[in-house]
Structure formats: C-alpha cells, structure tokens
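Participant: Here the protein sequences come in this chain order: A and B. To get this note's numbering, take the position in the first sequence, counting from 1, and add 2. To get this note's numbering, take the position in the second sequence, counting from 1, and add 50.
Distance condition first, Cα-Cα at most 30 Å in a straight line; then the derived DSS-like pairs of lysine-lysine:
{"#": "1", "chain 1": "B", "residue 1": "592", "chain 2": "A", "residue 2": "40"}
{"#": "2", "chain 1": "A", "residue 1": "49", "chain 2": "B", "residue 2": "717"}
{"#": "3", "chain 1": "A", "residue 1": "49", "chain 2": "B", "residue 2": "668"}
{"#": "4", "chain 1": "B", "residue 1": "717", "chain 2": "A", "residue 2": "161"}
{"#": "5", "chain 1": "A", "residue 1": "85", "chain 2": "B", "residue 2": "668"}
{"#": "6", "chain 1": "B", "residue 1": "668", "chain 2": "A", "residue 2": "161"}
{"#": "7", "chain 1": "A", "residue 1": "40", "chain 2": "B", "residue 2": "534"}
{"#": "8", "chain 1": "B", "residue 1": "668", "chain 2": "A", "residue 2": "69"}
{"#": "9", "chain 1": "B", "residue 1": "494", "chain 2": "B", "residue 2": "80"}
{"#": "10", "chain 1": "A", "residue 1": "49", "chain 2": "B", "residue 2": "677"}
Calculated from the structure, these hints are not laboratory results. Predicted model, so just to flag it, every value in this text is computed and none were measured.
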Amino acid sequence: MSSSQNQERDLNGRETGHDRQIVAFCLGSETYGVDIQKVREIIPIQKIVPVPRAPDFVEGIINLRGKVIPVLDLRKHFGFEKKEATPEQRIVLTESEGEGIGVIVDSVSSVIRISDDAVEPPASVIAGEANDYIQGIAKVNDSLIVLLDLTRIISDAEKRTLKQVDLASALAG
Amino acid sequence: MEHMEDLTAFLEEVDELLANTEQNLVELEKSPSGKAIIQEIFRAMHTIKGGAATLGLQDGVEVTHATESILDTIRSGQRALTREITDLLFSVLDWLSSWKAALESGSERPPIESIMAQIHGIQGARPGADETGEDAATSSEDVLQVEDYREGEGSFTPDPDLARQIAEKLKQGEPVYKLTVSLDQAELLSVRCFQLLVLVGEEAEIIGSVPSAEKVEAGEVGDALAIYLTSDDGGESARRAAESVQDVIQVSLVPYELPTQEQAGRQAGQGARGHGPTPGGPESPDAQEDSGSDSLVRTTNLGRTVRVNVALLDLLLNLVGELVIDRPRLSQLASRLQANTDTAVIGNEVAALSARLQRTSQELQEGIMKARLLPLRSILSKFPRMVRDLSSRCGKLIDFEIRGERPELDRTVLEAIDDPLIHILRNAVDHGIEMPEERKALGKPERGRITLSAWYQENQVLIRIRDDGRGIDPDRIRESAVNKGIITREAAARLSDREALELIFTPGFSTAREATEVSGRGVGMDVVKSNLERVNGHIEIKSQVGVGTSATLRLPLTLAIVRALLVECSGITYAIPTPSVEEVLAVRRDDVKTIKGKAALTVRGRVFPLVSLEGCLKDDPWMGNGKFRYAVLTRTHDEPLALGVDRLIGEEEIVVKELGRILSRIKGIGGATILPQGDPAVILDTNTLLWR
Chain A
3 MSSSQNQERD
13 LNGRETGHDR
23 QIVAFCLGSE
33 TYGVDIQKVR
43 EIIPIQKIVP
53 VPRAPDFVEG
63 IINLRGKVIP
73 VLDLRKHFGF
83 EKKEATPEQR
93 IVLTESEGEG
103 IGVIVDSVSS
113 VIRISDDAVE
123 PPASVIAGEA
133 NDYIQGIAKV
143 NDSLIVLLDL
153 TRIISDAEKR
163 TLKQVDLASA
173 LAG
Chain B
51 MEHMEDLTAF
61 LEEVDELLAN
71 TEQNLVELEK
81 SPSGKAIIQE
91 IFRAMHTIKG
101 GAATLGLQDG
111 VEVTHATESI
121 LDTIRSGQRA
131 LTREITDLLF
141 SVLDWLSSWK
151 AALESGSERP
161 PIESIMAQIH
171 GIQGARPGAD
181 ETGEDAATSS
191 EDVLQVEDYR
201 EGEGSFTPDP
211 DLARQIAEKL
221 KQGEPVYKLT
231 VSLDQAELLS
241 VRCFQLLVLV
251 GEEAEIIGSV
261 PSAEKVEAGE
271 VGDALAIYLT
281 SDDGGESARR
291 AAESVQDVIQ
301 VSLVPYELPT
311 QEQAGRQAGQ
321 GARGHGPTPG
331 GPESPDAQED
341 SGSDSLVRTT
351 NLGRTVRVNV
361 ALLDLLLNLV
371 GELVIDRPRL
381 SQLASRLQAN
391 TDTAVIGNEV
401 AALSARLQRT
411 SQELQEGIMK
421 ARLLPLRSIL
431 SKFPRMVRDL
441 SSRCGKLIDF
451 EIRGERPELD
461 RTVLEAIDDP
471 LIHILRNAVD
481 HGIEMPEERK
491 ALGKPERGRI
501 TLSAWYQENQ
511 VLIRIRDDGR
521 GIDPDRIRES
531 AVNKGIITRE
541 AAARLSDREA
551 LELIFTPGFS
561 TAREATEVSG
571 RGVGMDVVKS
581 NLERVNGHIE
591 IKSQVGVGTS
601 ATLRLPLTLA
611 IVRALLVECS
621 GITYAIPTPS
631 VEEVLAVRRD
641 DVKTIKGKAA
651 LTVRGRVFPL
661 VSLEGCLKDD
671 PWMGNGKFRY
681 AVLTRTHDEP
691 LALGVDRLIG
701 EEEIVVKELG
711 RILSRIKGIG
721 GATILPQGDP
731 AVILDTNTLL
741 WR
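Please work from the sequences and hints to get the whole structure.
Facilitator: Okay, here's the thing in structure tokens:
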C-alpha cells in the first residue's frame with residue numbers, strides 16, 4: 003500500500019472513503035486477497051523446474067515469455083502442508099524491485115471490489131509473526147478475506163534467502 | 051559424391067548466388083533495362099553450372115545452361131525482358147533452390163522435365179540458330195581461319211562462328227590470346243575441360259574454345275583444349291587459372307592476331323560498326339558494367355570476408371573459454387608465490403604475466419564473439435522475393451524497400467529473428483496494405499509501401515518494419531479479444547489504445563477472421579514475441595488507423611552465449627558450460643574403484659572422485675555409490691572430479707539469463723537459460739558445486 007493511502011486512514015486505522023479491488027484466491031480453506039495493483043498477471047500453472055539448493059519456499063523457475071521467473075509456494079511460506087498439484091492452481095505474478103516473481107495459489111476465485119470500511123486491521127494474535135505482511139482482514143458476505151502485501155512477503159523471502167546462504171557459506175567456509 | 055567437402059562448399063556458394071539472384075530478379079522487375087543485373091544473373095547461372103559440372107550434377111548443368119541461353123538473348127537485345135521471362139527466371143530459381151535443398155539433405159532431386167519444358171517454351175527456336183542478319187553480314191571473317199587442334203589425338207573441325215567472333219574482337223581493338231592446354235589422359239577429361247573453361251572464364255572473357263563449350267559439356271573432348279580469350283593482363287591470370295587445374299600437363303599462351311592486314315581489319319571494323327559510341331567501345335554488357343560505375347554494382351555483396359566453419363568457431367570459443375577459466379588460477383598461484391619471501395620475485399613476474407594473459411584472453415573472447423556476428427543481409431536477402439510473391443498472390447501492389455542491411459548480429463539472434471520477421475512482413479502484406487482500388491478510394495497512392503530499416507542504437511540493433519496500410523484498429527482488437535475470451539469486456543474497455551495493441555501478443559490471438567494462405571500458418575504474434583525474448587530481444591508495435599503500422603525489434607548486439615553440455619538427472623536437465631567439461635564418458639563398472647569407501651573413476655591412469663551430480667546439489671555427493679551410466683569429467687576447486695549423471699543430452703548454445711535476486715547467490719549455480727523446447731534450466735558452476 004502506498005503511503006498516500008495510509009494517510010487516509012481514520013483514527014481507528016480504517017481507510018476511509020475508497021473502494022479497492024482485490025484479487026481473491028484460496029490457500030487451503032482460507033481466502034486471501036491481494037491488491038489488484040500489485041498483480042501483473044495470473045497464469046495457469048505450468049512447468050516449474052526446481053532449483054537445487056534454493057530456499058524451500060521457492061518452488062522453482064518458469065519460462066515466462068523468455069524470462070526466467072522464480073516461483074514461490076505460499077503454502078510452504080505460511081507453513082501449510084504440501085498439496086498435490088491441481089488444475090485449479092494458478093501462478094499470481096507480481097513484481098519486486100523490477101523483477102518478476104510468481105506465487106502459487108490453490109485457486110483464484112474472483113476479483114472483488116471491497117469498501118475500505120469493510121477492512122479491519124489484523125489482530126496481532128492471529129497475525130503473529132506475519133503481522134508485517136497482513137494488511138488487514140476484510141469481511142465480505144460473512145466470510146473473511148486476509149489481505150496480503152505480496153511485496154512484503156517477497157522482500158521477507160529475500161532476506162531469509164540471504165541469511166540462509168550466508169549462514170551456509172559461513173558453515174562451509 | 052566423392053568429395054563431400056567440395057559439395058558443401060559448392061552448396062554454400064549456390065546458396066549465396068541464389069540469394070543474390072533473387073534480389074537481382076526483384077530489382078530487375080523494377081528496372082527491366084538493367085543490363086548489369088542481367089549480366090550478374092547470367093554469371094550466377096554460369097558459376098552454378100560450372101560447379102554442377104565439376105561435381106557431375108548433370109541436371110543442374112542442363113537447367114542453368116538453358117537459362118543462360120535465354121539470358122544471353124536478352125542481354126544481346128534479341129529478346130525483350132517480359133513478365134513471362136521474369137516469371138520463368140523465378141521458376142528456375144525455385145527449381146534450383148529445391149535442387150540445392152535436395153543435395154543438402156541427400157534426398158531425391160527434383161525432376162528436370164517440367165522446368166526444361168518451361169524454358170524451352172519461352173526459348174522457342176534455340177537462339178544461335180537464328181543469328182541476327184547484321185552480324186552475319188559482317189565481312190572479312192573469311193580471312194580468319196581458326197586452326198583446328200591437331201597436336202592431340204582429337205581433331206576438331208574449325209568453327210566458323212568462333213572465327214567470326216574472334217575477328218570481331220580484334221576489329222574492336224581488343225587483344226585476343228590463345229591458351230592451349232594439354233591434359234593428362236585421365237578419366238575425368240571432360241570435367242577437367244569444363245573446369246578449365248569455368249576457371250579461365252573467371253579471369254578473362256572467353257570468346258570461344260576448341261572443342262566448344264557445348265561439346266565439352268556433351269563430353270566430346272580430347273586431351274587438349276584451346277581457349278580463345280581477351281584479357282586486360284595479357285592473359286596471365288587466365289594462364290595461372292589453367293595451371294591450377296588438376297591433370298594439366300602443359301599450358302601455353304600466345305597472342306592471337308589476324309594473320310594479315312590486322313590494322314586494316316581493325317579500322318574497317320570500326321567503320322563498319324558505326325554505332326559503337328567510342329572507338330573500341332565494346333557493347334558487351336561486361337564492359338558496360340565495368341566502365342559504368344552505376345550504383346547497382348553489387349559485387350560488394352560478397353564483401354571482404356572469409357567463410358569460417360561454424361565448428362571451427364565453436365572450437366575457438368571453447369578454447370577461449372578454457373583460457374578464461376585458467377586465468378584466475380594463474381593469479382591465485384601468483385599470490386601464493388608472492389606471499390612467500392623466497393618466491394616473491396617469481397610471484398611478481400607471474401602476477402604480471404597473469405594480468406597480461408587476462409587482457410589478451412578477454413580481447414580474444416570479444417573477438418570470437420564478434421566473429422560469430424553475421425550481417426543482417428544474410429537473412430534479409432530473401433524478403434524482396436517473398437514480398438513480391440505474397441503481394442502478387444493477394445493482388446496488391448507493394449513497393450518493398452530495405453534500408454541498412456549492414457548491422458551485424460550474433461548467429462543465434464539471427465536465427466531467432468528470421469521467423470518473426472517473416473511473420474511481421476506477411477502480416478504487413480496481408481492485413482496492412484489495402485487493395486489498390488481501396489487505396490485509390492482513400493486518396494492514397496495505389497502502390498503500398500513497406501520499408502524494412504535496420505540500424506545500430508547504442509548497444510542494440512533496431513529493426514523496424516513499417517507499412518503505410520490501414521493500421522490496426524484498437525477497437526477491433528478489443529472486440530476480438532473479448533470474443534475469444536482473452537479478456538472481459540469491462541477490462542477491454544479500460545485498456546488504453548496502446549495497451550489494446552499489446553493484446554495481439556496474447557497466445558491464441560489473431561485478428562484475421564480466417565487463417566489465410568498468406569498469414570496463416572498457425573503462428574501468432576505470441577510466438578514472434580517469445581522467439582525474440584529467448585534471445586533477450588523485444589518487440590513494440592505502433593499503429594495509426596488509416597496511416598500504417600510499424601513494428602520495432604530491439605535486439606542485443608552480442609549475447610552472453612555459452613556452449614553448454616546438457617545432462618539429465620532424475621528427469622531434470624542441467625547445463626554445464628562446455629569449457630568446464632574435460633570429457634564425457636559412459637561409465638564402465640570395471641573403471642569404478644572405491645578408495646576409503648568412496649567411489650572413484652580411473653580414466654587412463656588418472657583418478658577422479660566419482661560423485662553424483664544430483665547428490666552434489668542435495669549436498670550428499672556420494673549418493674548412488676558410483677552407480678551411474680555416464681560421467682562428466684570436470685574440476686571443482688581446482689581438483690579433478692567426475693560427476694555421475696543419468697543421461698547426456700548433447701551440446702547446445704545457450705543464452706545466459708538472470709535468475710533474480712532470490713536465487714542469485716546460490717553456490718554451484720551460475721544462472722539459468724531457456725532450452726530450445728522452452729523449458730527453463732539451471733546452468734551449473736562446477737567450480738563451486740562442492741563446498742569445501
């Protein structure tokens with residue numbers, strides 16, 4: 003979320019006035035959403051080639067129109083159990099500092115428009131460590147949608163990678 | 051075929067000649083009076099004929115010979131260049147192309163009958179039989195007797211035609227020489243004679259020979275050949291050419307003069323042929339081309355280049371790769387020596403040497419990468435013909451122009467852009483340019499215009515194909531994309547016109563209602579785009595309704611291309627840069643020993659620890675206990691290592707791609723690439739494969 007939008011939050015931390023468009027997707031039994039602005043495209047699952055020694059939440063690489071794009075498995079990232087590939091799975095492509103990155107989700111349900119009033123800030127108990135990349139919880143027709151900040155997730159993943167690699171090098175060296 | 055190499059060289063030459071001829075023919079259609087062009091086409095036919103004869107390819111000889119006869123009547127003005135003839139020439143070209151392709155692939159060569167029938171259909175009565183009256187009327191040839199050749203066993207009757215032609219040359223003041231060649235009685239006499247005619251013909255203008263070229267072609271030869279020629283250098287280069295032919299025993303060269311009243315004859319000739327503009331100004335197209343420095347002299351086409359076998363280039367690339375790999379080791383050695391006071395002096399010297407080696411090897415590397423560059427021309431030359439054919443098939447009038455075919459690109463890039471360019475041009479012809487009536491009604495010139503221009507911009511080559519056709523209507527694109535379910539109507543409405551244009555790159559998109567013969571073929575702009583992207587290229591389309599469309603390709607000048615060995619482990623393909631590969635071999639059980647419980651492979655007395663490539667990547671190098679089908683011998687941290695793999699796929703030229711921040715720092719992995727089938731693959735860095 004950009005800072006200008008943050009300034010529009012009211013005293014309760016709610017954003018006021020505006021609607022936003024969310025790409026809603028499923029992971030397990032839960033529904034998540036990401037800001038449509040952050041989604042470059044959504045593609046069907048395709049051949050993912052594993053990269054040896056990559057951090058475990060990196061599923062592998064794909065060929066996206068001649069570019070090699072890493073794909074992350076959000077299930078692993080959230081510590082969910084592994085799931086067999088299904089035809090409903092999609093890769094949500096986003097961008098991090100100019101580089102494309104894909105995120106595998108179980109299925110993409112829809113693009114929905116939600117009013118900012120319907121978004122609650124995350125309760126720290128639920129979010130736990132993930133507090134950073136959960137932007138809020140939206141209530142839509144009695145169900146809850148967890149709004150994620152993909153950029154945060156990726157920069158978090160990058161940090162973890164660097165740590166992992168450096169640690170490994172240190173051990174090796 | 052006895053000499054495969056000869057055939058290969060010949061086919062390469064034919065390839066080039068056909069490409070040039072094609073260009074020339076298209077040119078010729080625009081300016082049917084271009085004598086220089088006719089001459090160039092004639093020469094191409096002649097060269098092909100010569101090569102075909104040397105290789106014993108009779109069909110090629112017949113077709114090119116018959117074509118020559120037609121061209122001859124045109125260049126001598128006996129026949130006008132009609133549409134019928136250019137069409138025939140195009141057919142000949144097509145026949146030669148498929149003939150060449152058949153030779154290349156070793157498949158059955160195309161039949162000769164129908165093309166010969168076409169040629170004869172035009173030819174009617176063979177020229178030569180009906181020499182124009184004017185020439186026949188020239189007098190004084192009677193004085194000239196071309197001696198028949200008697201030294202050899204064969205004896206030939208003098209040819210009055212030849213005598214007359216020689217007389218004519220002499221009258222025009224050109225020096226005539228007689229080159230006499232004695233040949234060893236070899237099996238290939240007729241071939242040798244033909245070679246002589248061809249080779250000498252390259253150095254001098256042959257007036258005629260005894261036996262005549264026709265007889266030589268028919269195999270009626272003896273062990274001697276007399277060639278009458280004119281030449282600027284006293285026939286010396288012709289003599290050298292003759293001497294270079296195999297089985298030639300002796301070559302003699304004498305100036306040939308009219309036995310009597312040479313001067314008188316010459317003057318008489320001048321007087322008689324009053325239409326010669328300058329004294330001794332010959333009318334032969336040859337001379338016209340030489341003297342007239344017209345802009346169309348395309349001899350520069352061949353350029354000052356040498357053909358280099360691709361395999362040789364690859365070998366050099368690999369050697370350079372090895373140098374590049376050895377470079378850091380040397381500098382490591384230097385610093386180790388420098389660290390020790392006893393050896394510091396040597397160390398300094400080694401360090402200096404290492405620095406120099408670094409510079410040299412880097413320049414060498416750049417040089418080799420440049421040697422891989424080929425001019426754009428090599429793929430553009432077929433386009434004028436293609437556009438001509440396409441436009442006449444759709445009944446459109448199109449002027450096609452190529453500007454700047456000089457930029458050079460890496461071979462891999464050229465290969466990758468060939469199909470995309472064809473596709474874009476087809477689109478321009480088929481969908482871009484309107485029918486003549488429609489253009490007229492719109493107030494546009496009847497003839498459409500397609501321009502292909504190419505130029506350098508910074509470290510890129512840009513190629514732009516622009517047409518002045520109807521342009522692409524963004525609304526039609528939106529509509530089509532919605533109908534095809536590519537995008538929702540709402541989303542389509544939200545797109546700017548420019549974004550809407552981008553939709554044509556979506557897989558499965560094509561605005562044509564039906565795939566037509568011209569632009570069909572089932573490939574879409576999405577394939578164009580992905581082809582380009584594989585070599586780090588980029589395409590941009592701009593269009594204005596009613597005004598035209600332009601497609602701009604941006605291509606990298608050079609690429610990070612490496613040759614790599616592709617191997618497979620557990621179904622996954624990995625690329626190992628060839629320079630790091632010392633050898634690949636099938637593992638024999640007997641060669642695998644265990645040393646302290648660990649597998650080792652002995653190759654010609656050398657011992658390589660045998661680890662599993664897959665295991666290395668899982669940090670369990672000894673996985674599999676040395677049970678591998680194949681091993682790749684390499685080095686890691688300067689020590690020999692054998693990597694066990696399941697399968698060797700082969701060697702491939704790959705374009706190195708970025709892996710992205712998340713994956714860029716992984717040890718043992720140097721990058722990624724896209725394999726020809728489209729799957730991504732990891733490029734391994736064997737030197738850091740095993741952690742120390």
